[in-house]
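> Chains D and U are the protein sequences, given in the same order.
Going by the working numbering, the letters in the first sequence line up with residues 117 to 253, in that order.
Going by the working numbering, the letters in the second sequence line up with residues 733 to 1169, in that order.
Calculated from the structure, these hints are not laboratory results.
Nothing false has been slipped in among the hints.
Cross-link-like lysine-lysine pairs, in silico, DSS-like; alpha carbons within 25 Å at most:
no., chain 1, residue 1, chain 2, residue 2
1, U, K1127, U, K859
2, D, K251, U, K976
3, U, K976, D, K252
In silico contact screen, one side only, chain U against chain D (beta carbon under 8 Å); selected entries:
no., residue
4, N879
5, G880
6, K954
7, Q995
8, A996
9, R998
10, K999
11, V1005
12, I1006
13, N1008
14, R1010
15, Y1016
16, S1017
17, K1018
18, F1019
19, P1020
To be clear about the criterion: a stretch of chain D counts as covered by chain U if any three or more of its residues have a C-beta under 8 Å from a C-beta of chain U, and this derived list gives those stretches:
no., segment
20, 156-168
21, 172-186
22, 189-198
23, 212-225
24, 240-246
Nothing here was measured: the structure is a model prediction, and the numbers come from that model.
Cβ coordinates follow ideal geometry from the N, Cα and C atoms, glycine included.
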Amino acid sequence: MIKYDIKKINNKHIRMMPKKMEKKFSEELKAVISKMKDRISREIPDVGYFRNFAVDFENKDKNIFARAISLGVERDENIEGNALLILSALHPSMNVDASSMLVCGSRDDILRFMNKDNFQQKVREEIYKLSESLKKI
Amino acid sequence: MGYQFLIKKFMQKPELGLNVNFSRLTSGSKDMEIAFASKDAALKKADLGTTAYQIGEDLKAGFSDARLQVDNIFGNLSSVKEITNRPKGALSIYTKLERGIKEKKISSYETAVEYIGDGIGSRVITKSLPQLSSSEIKSLIENFKLNGESLTKEQKILLGKYIYNHPMSTEEADRAFPIFEKFVQPLIEKRSKEVVDDLAVSIAASRIKKGELSIEQIKAQKLLAEDLIKRLEENKFEPLEVLKINNYRGGHGLPEFSSRQIQALRKICGNGVIVNSRPELAGYSKFPNYNYSKSEAKDFAIKSSGYRTGQMNVIHSNGMRGEIQFRGAQTNYFGEYEHIAYDLRQGKNTLGPLFDDYKREISKLSDNKYARYNKYLEECYNYYNRIELGLPALKPKLPKGFNKVLSEENMKKLYEANEKRLADLKTGFAPHFVEVA
Chain D
117 MIKYDIKKIN NKHIRMMPKK MEKKFSEELK AVISKMKDRI SREIPDVGYF RNFAVDFENK
177 DKNIFARAIS LGVERDENIE GNALLILSAL HPSMNVDASS MLVCGSRDDI LRFMNKDNFQ
237 QKVREEIYKL SESLKKI
Chain U
733 MGYQFLIKKF MQKPELGLNV NFSRLTSGSK DMEIAFASKD AALKKADLGT TAYQIGEDLK
793 AGFSDARLQV DNIFGNLSSV KEITNRPKGA LSIYTKLERG IKEKKISSYE TAVEYIGDGI
853 GSRVITKSLP QLSSSEIKSL IENFKLNGES LTKEQKILLG KYIYNHPMST EEADRAFPIF
913 EKFVQPLIEK RSKEVVDDLA VSIAASRIKK GELSIEQIKA QKLLAEDLIK RLEENKFEPL
973 EVLKINNYRG GHGLPEFSSR QIQALRKICG NGVIVNSRPE LAGYSKFPNY NYSKSEAKDF
1033 AIKSSGYRTG QMNVIHSNGM RGEIQFRGAQ TNYFGEYEHI AYDLRQGKNT LGPLFDDYKR
1093 EISKLSDNKY ARYNKYLEEC YNYYNRIELG LPALKPKLPK GFNKVLSEEN MKKLYEANEK
1153 RLADLKTGFA PHFVEVA
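Just chain D, same shape as in the assembly:
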């Protein structure tokens, strides 16, 4: 049972950006992946504590039922030095998000996974899954 009131969702509340500032979804996604790779390289140390972090973008694609998409890195609380790469989609109500883990492991494991040719396509497929899941809330 979902306990969020979504009756008040109304498209007029979704902020619109000027058209010239709008990027195509795939460009936004590419930029976020690139930023995330950069931050993973810089912020996950070989040994020791690091803060969880995320990068995101506002979704403009009407085929995707989400207000924003984010890629986040969470410290693995069970294995020191490891992390989980999490993809999240924010429900239009902004009260709940749906997320799935893309990969877990060391910094190098994660970067290796992100550098695969089909990574962006994989992320896109996962976003659609999350979008479908959010529709059912």
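Based on these hints, arrange chain U on the given structure of chain D.
Quick look at chain U alone, frame taken from chain D:
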């Protein structure tokens, strides 16, 4: 052979007397023809009733295998108090389908089954922890480390105030809660460790069975702790496929499973599972660049009642869709009647006449006042959850300006009286249709 048409006397929606499976009434019945004749509106209701009935029958057929599976996984754990299971009844299915149709989410029998989701519901109720003494709490605070460091003197005072329910400003409470949440993490995990461990092994067994994972991969990627891998190798586990995990809680509420436990489950589930959670409770900014204005935030204000449960959508080994909820005994009992207000606001109405005064009061609440009422219900959840964790608990009072009928104490009384009333009405129960020679 014919059929005799009877109305269940305890039914609270008379039109549900139309819940009939056409295909099983081929021998015909005059009474049935009367029931379904004439008006279109009545016919639509009959169609919906038929669908609800049919889904209910299918669920009943798959119920015993699903129940056995849940019992096999969790039934022998020492931390589990009891397990309850039920196939969703036709009345409940009907009400949910009614809502789904209004939301245009149902277009066929298959989408109806998917929309129902929790067709076979199971609850795994865990035992409470023993009450902590003040000296134990003092020692826990002294030894507690936040991100690897001991607390400062001010942090210790703040945490102590929060633990002992001392009055504090909203700002202070907002600062204290993240520390409190980390502080109680070992208690949360102590209560649910056995359940999460067995769940993780069952999920692993399911993925191995489907050929998605091997024990070697689990070892190499450290997807399970070593002791769990050993147990998995013994091959005594019932496989369970998990589709979605919800770890619901209120703003200052504690989850059933800790973030560490959710991570462990995520890892063994792989990317096949979706976790729903509240973004502001992640402990870090999940959507750092997506800001919204105060007026938007107000428009989308959380209406949550503090509803807390660990909840999973699963596919049982017989292919039936189900939902397993994990709760403590105290919050589970409160949850039995807490959801009444939410259901009423969502247009779900399966309540008996005893609730008329309550319904009237709920319907009178403005959105703002309803939000305040939900805050009160959230505090009740937190109160009961604290008892389950062995922490000091102070029962919240209904805020001024609300009719006493809305108090938690009254909700409990109404719920218990209604349960008794239904049990009495069911005595001498007769089904809708009985075969007659």
